[in-house]
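Chemist: Dock chain B against the given chain A, drawing on the hints supplied.
If you read the sequences in order, they're chains A and B.
Counting in the numbering used here, the first sequence runs from 1 upward without gaps.
Counting in the numbering used here, the second sequence runs from 1001 upward without gaps.
Just so you know, these hints were derived from the structure itself, not from any lab.
Be a bit skeptical, because a hint or two may be false.
[To be verified] The calculated label-pair distances, taken between Cβ atoms and stated as ranges, are:
no.	chain 1	residue 1	chain 2	residue 2	range
1	A	E345	B	K1435	39 to 45 Å
2	A	V326	B	D1416	53 to 59 Å
3	A	H203	B	K1127	29 to 35 Å
4	B	R1298	A	D309	24 to 30 Å
5	B	K1178	A	V292	57 to 63 Å
6	B	K1178	A	P307	57 to 63 Å
7	A	V135	B	E1309	54 to 60 Å
8	B	A1069	A	F143	51 to 57 Å
9	A	V98	B	G1076	29 to 35 Å
10	B	E1209	A	R129	45 to 51 Å
11	A	V98	B	Q1312	40 to 46 Å
12	B	K1127	A	P333	47 to 53 Å
[As the list claims (entries may be wrong)] Output of the computed footprint for chain B on chain A, the stretches with three or more beta carbons under 8 Å from beta carbons of chain B:
no.	region
13	41-51
14	161-175
15	251-262
Source: prediction; values computed, not measured.
Every residue, glycine too, gets a C-beta built ideally from N, C-alpha and C.
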Amino acid sequence: MLYRENGQFKTSYGADQQIFPIAQDRVAMLLLLALAAVVVPGLASEYLLRAILIPFLILSLAALGLNILVGYCGQISLGTGGFMAVGAYAAFNFLVRVDGLPLVAAILLGGLCATVVGVLFGIPSLRIRGLYLAVATLAAQFFCDWAFLRIKWLTHDSSSGSVGVSGLSVLGMPIETPVQKYLFCLAFVLVFGLIAKNLVRGHIGRSWMAMRDMDVAAAVIGIRPMAAKLSAFAVSSFIVGVAGALWAFIHLGSWEPAAFSIDRSFQLLFMVIIGGLGSIAGAFFGAAFLVVLPIVLDNLPYWFGIPIDTALASHLTTMIFGALIVFFLIVEPHGLARLWQIAKEKLRLWPFPH
Amino acid sequence: MKPNKTSTIAARAALMLAAAASLLGGSGAALAQAKEQFIPLLVYRTGPYAPNGTPWANGKQDYLKLINARDGGINGVKIAFEECETGYATDKGVECYERMKGKGASLFDPQATGITFALTDKVPVDKIPLITLGYGLSASQDGNVFKWNFPMMGSYWTAADMLIQHLAKKEGGFDKLKGRKIALVYHDSPFGKEPIPLLEERQKMHGFELVKIPVTAPGVEQKSAWLQVRQQRPDYVLLWGWGVMNSTALKEAQATGYPREKMYGVWWAGAEPDVKDVGEGAKGYNALALNGHGQQSRVMQDILKYVHEKGQGSGPKDEVGSVLYTRGMIISMLSVEAIRRAQERFGKGKVMTGEQVRWGLENLAIDQKRLDALGIGTLIRPISTSCQDHMGSTWARVHTWDGSKWNFSSDWLQADEQILKPMVKAAADKYASDKKLTRRAPADCQS
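Next comes chain A alone, as it looks inside the complex (with noise of 0.2 Å):
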């Protein structure tokens, strides 16, 4: 009833084309820009701030990355975690090296290492697709894990192979509370969402739709391979390294390689095919399920007073969680993102479905 375009007309190209057509949408955008950045800050306590909001709002962005590369373009990517440490360590080492470089810069400067990597990995997605490319990218994955570990020179020197950053700070600002670090973070999701969300609207997202739809057909029709292709891989990685940049700089601190393995790769994966493919929401949907719900069920007996085996409660975690994973994908193999859309149009109708 409240949920409905009636009356709402357009009256030139740009209002038909924004982002959210519908008047209630912008809203709610808007409330909920509201909520993350003066609510949230302002009410969430350490604990929700550091362990549950920064991972989330990271892993969003790495999972946004990703989804351009599978969701949006359906090259299967399985080095994510390898592009994510590309970021970290590429920033890690413009930080440290170069004197009096912004953090920002450096972020930035680390995301663009990735995309040269990530372009790098791309290439065989020319001659190849489908799990032959998963295996290709799984390369990506396991040649970044073997230099991180081994060639001195990326660790700085590091006699443990382990590397950290402290004291940051933007325009003079430090970031070391809770509440900075995740305005850092939102600040960061928020500006990439918005160029992804842009991106994957214009003729470029469309090229790649249209590629992952049937390559074939796309090239017929005037879309070429190697730029649809090697852009998706160039902007993929880009986002996944600042996500990566972040996660390091941002959320440990101190890190070596273990961080970016390929169970970082899989969790990404997964919280792209479980937000949905193809959906900018579906980033946040997934990284929302896969980060905040093995913590919320970790923590279920004891808010509930029961006493558990740590063991027990670890194993039951993981259970009920890969259980909630087949449930989902069997109710709705297109992912949250699209049980969201379903709720949406039915609200639409709603109370008069026929």
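Modeler: Showing chain B alone in chain A's frame:
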């Protein structure tokens, strides 16, 4: 029926709300119970490191239960504790740390080198000390730079140093090491890489050849590493493994035909779970022993009497007194003693804050008399910490697996201060300059 159903739904909704509220509020409930000293237990009972993590976790918990059951807490302050499963993963460890911190944690034993590294930057802000007995960052021995880290009783550098000393003794002097080939088979992570600087230093001094053979974590696949061992034929193999990596390495050594007598493990590669599966095949294998073991000591008897016989034991009864169980027990013992020490200064029978416990950890003085009083006896040697030295002591022995149990095969060894001190200082200085920290002023040591 109907009203009944609604009321259950209402109750459920209330529970969910309460759950959500505690998620938002974080700490509320736990802080309400004053007069209880909260000790968080970061553990891993699942994953590839669980066989070793479990006895460790049980030892930590049983000692706290013992203090509550036998002594009624520390000067009347009961100990509250809660476990959090990290699975040895750094990001999960950070989450656990944040969760436990909100409940008023007074000190942390992260049980993993990777987690320690990540927390080292966080603890100075939160003012909670880290106790990393026999692991963690070797340079953190320097309390002037690492105010909040306590690598008690040893680090990877002291371990490597003692192993080289032991090998020299076996060979008949340091000069005999010249031209020898020593291979380091290590877990490819900060944990495994930490000893390398010290071994390289010793290599320069004595002229042996050091072969570094990494094993990809978690170490279930080591064929290529042992192929390298077979090709290189080192005189000794130093094993720097943890969890499944150790038993796998021993099986591979057996398959390769490398003599187990020439293999020396760090103290994290010298417990029952590492050799039990290999049994006879591990016979002759040596490892450092940071602590003694067995159920004879009085403290173990007390744990059996006050905890296990009451049905409160955290693990199986025959695990009590095993190597890693004892180590966990010692970590809890040192934590409790630090709190006791802090209470002496800041008020007996009071709950200590993280800052106060830190002072206690820094001013520990546990002599043999105190060890005897605690029932520890000769499981460890006396330990006393100071502002400069957060390690307290560097004693360890070597023990050898005879196919069914560990037997000591050396006297107490001690790391060489002459080598260690300049290295620790240099590494701490480098850390301080990287992080733009200044050394603590002497006045800070009094606080």
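Chemist: Could you run down the list of hints and mark each one as holding or not?
Modeler: We went through each hint and held it up to the structure:
no.	hint	in the structure
1	A:E345 / B:K1435: 39 to 45 Å	violated (53 Å)
2	A:V326 / B:D1416: 53 to 59 Å	holds (58 Å)
3	A:H203 / B:K1127: 29 to 35 Å	violated (55 Å)
4	B:R1298 / A:D309: 24 to 30 Å	holds (29 Å)
5	B:K1178 / A:V292: 57 to 63 Å	holds (59 Å)
6	B:K1178 / A:P307: 57 to 63 Å	holds (60 Å)
7	A:V135 / B:E1309: 54 to 60 Å	holds (57 Å)
8	B:A1069 / A:F143: 51 to 57 Å	holds (54 Å)
9	A:V98 / B:G1076: 29 to 35 Å	violated (57 Å)
10	B:E1209 / A:R129: 45 to 51 Å	holds (49 Å)
11	A:V98 / B:Q1312: 40 to 46 Å	violated (57 Å)
12	B:K1127 / A:P333: 47 to 53 Å	holds (50 Å)
13	41-51	holds (count 8)
14	161-175	holds (count 5)
15	251-262	holds (count 8)
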